[in-house]
Amino acid sequence: MAPAPASAAAPAPAEGTDRPAAGGRDWGPPPRRRPARPSRLPKLGEDVAPATRWALRALSVAVPLVVWVALSASGAVDDTFLPSPAAVARALADMARSGELFSDMASSVRRVGLGFLIAVAISVPLGFAMGSMSWAQALLEPVIGLLRYMPASAFIPLLIIWLGLGESSKIALLVIGVVFFNTLMTADVVRRIPRDLLEVSATLGARQHEIARKVILPYALPGMIDAMRVNAAAAWNFVVVAELVAATSGLGYRITRAQRFLQTDKIFAVLVVIGVIGLAIDILLRVLRDQVGRWAP
Amino acid sequence: MSDTSQSAGGGLAGPTGQPGPLDQLVLTRATEPVETRKSAGPPEPAAGPAAAGGALRLRGVGMDFHAGRRGRPGRPGRPGRPGRPGRGRGGAPAEAAVPTLADIDLVVEPGEFVCIVGASGSGKSTLLRLVAGLLRPTAGEVTLDGGPVVGPGPERGLVCQTGALFPWRTAAANVAFGLELLALSRADRSRRVAWLLREVGLEPYADRLPGQLSGGQRQRVAIARALACEPRVVLLDEPFGALDVQTKEDMQLFLRRVWADTGTTVLMVTHDVEEAVFLGQRVVVLASDPGRVVADIPVRLPGDRDLATRRDSAFLALRSEVEDLVRLHHRAHARRLAEAAG
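Protein chains in written order, with the numbering used here: chain A, 1 to 297; chain B, 1 to 342.
Warning: the hint list may mix true and false statements.
Per label pair, the in silico range of CB-to-CB distance [stated by the list, open to error]:
| hint | chain 1 | residue 1 | chain 2 | residue 2 | range |
| --- | --- | --- | --- | --- | --- |
| 1 | A | Pro194 | B | Ala206 | 22 to 32 Å |
| 2 | A | Arg195 | B | Arg327 | 25 to 35 Å |
| 3 | B | Gly263 | A | Gly113 | 22 to 32 Å |
| 4 | A | Pro194 | B | Gly111 | 43 to 53 Å |
| 5 | B | Glu249 | A | Val63 | 23 to 33 Å |
| 6 | B | Gly263 | A | Pro42 | 16 to 26 Å |
Everything labelled a hint here was simulated from the structure, so no lab data went into it. Treat the numbers as computed from the prediction; the structure is a model and nothing was measured. Think of the CB as a built atom: it goes at the ideal place given N, C-alpha and C, for glycine as much as any other residue.
The shape of chain A in the complex, shown without the other chains:
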């Protein structure tokens, strides 16, 4: 290894390519790629610094807000179509002062609460049965899989014929919109339980009902709450849809009223309220899930 640098460089590639093919291989070594250029961007799956994360979160809200302010201030869009944030805030304050905002919120939230509760009370036992017993799966999955694809809003005319314009038709719409999805999602979560947990429970003496209560339920609970979170968003959508069609109170009703008088600022204000309440429900359920599922990664 003493020769001059010029000759030292030459043999290296020759050694690779001229090597006799071993084991009947008649191809050379595979081509090598040059190493990737070092990058400052975070790698896939890599965490960013907390400061960066918070900055990005702030941007996520700030950018649309700034676009909105700029658009309405520039006068490119008519105020009737796109009210300024200030006008929306004023409308919100007016509605709050007159009290109609809170009564509308209360009736919408009550509808969501009741309808969602009924939907959960039906779908969780059904989903639990479907996920843990193959006969229940065989019995229920075809019909639920079919019903799930029927848009809940398409049931509105039927529901009005059946139940009239009162509260029950709105709550029924909510239940129809949520119950099938939540059943199937609950069943999926329950089905994911590892078989060895069930087997080991049986060898520890657990009877079937004990396995359901002490093993499957605690295992599936965090996932069930996750499913509820997703479907709570849907429930919130359906209550507004129901109130748009026929109601004398509620946030959806307020939107239709405002539409009649071309009060877009009011519509915007109600939309903001709907979004914020939905977010609050989501956060509530997420906190609950994190408490219940502290063991889950």
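Given the coordinates of chain A, assemble chain B onto it according to the supplied hints.
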């Protein structure tokens, strides 16, 4: 040895096989009284002891899986599904049946430590699941203290390779699971759990979740949980298979100590011959196609074994003997597979 090869031939020729003395047993339902089986029973297998009080007894046990119905053989279906010889489900013809285990005779005495080794595909895990009651044999019977095994139960504790701990329960709560199902006072239960946690050396980790424990610690919890109901026999299915070499060594010494302390009966399945010889009082070797017992070797080593035992010439000789047996049958199995493929 000659009769095992004969039964293997019969098993391969077809599931109906040749009528033998065990055909009576094949049709015996596990729910029938014990006396009937005793009077009609075959002569004791050669390895069987004179005493009839064997803790755990497998007589002519066979297990068929139906090809193409539920995954590959050795990964059997639901627990508690009764197998029926001679026909598949829904009247399907019987030729789809693949024998995974055939004609297993095995007796484990109370307090014994028996290891089962065999190459993959020899049905070792299936054998353990039959004893656990998670599967029902298609032929023969499994009895514990003379009573038939009809399903899983706390008198046969199971520990599997992953540990299968309840991830939402702390170490202590995992150990307590079986006890919670029994009519025990809270104080009694916590006393037992505390003793078990001390025995497996996990007292300081009692309140940790399984996710916060190392692999070895998790297996200790799993063993303590299986021991909590004071089972007649503890079934270990490759309990240390996923651990690193050093942890595995610790766990083997630990298991020997727990076995000595509790006086429990242990039936352990492993593919690690060194582990089997080091731990067991007997090593049972299984061969494949179908799974059958080809050797039942007593381990004549001192009772108090330590790491020096592994360098002992008697230990090494025995290990080589068992290794050769396993290898021999593994190669035969591979050859049969290659012939079947091409």
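Against the structure, the hints:
Under the hint 22 to 32 Å, the C-beta atoms of A/Pro194 and B/Ala206, about 24 Å apart, fit the expected range. At about 32 Å, the beta-carbon gap between A/Arg195 and B/Arg327 stays in the expected band of 25 to 35 Å. Between B/Gly263 and A/Gly113 the beta carbon distance is about 59 Å. The supplied range of 22 to 32 Å is therefore violated. The beta-carbon spacing between A/Pro194 and B/Gly111, approximately 32 Å, falls outside the hinted interval of 43 to 53 Å.
Distance hint check: the CB atoms of B/Glu249 and A/Val63 are about 59 Å apart, inconsistent with the given range 23 to 33 Å. The given range of 16 to 26 Å is broken by B/Gly263 and A/Pro42, whose C-beta atoms sit roughly 58 Å from each other.
Hint violations for this structure: numbers 3, 4, 5 and 6, all remaining hints satisfied.
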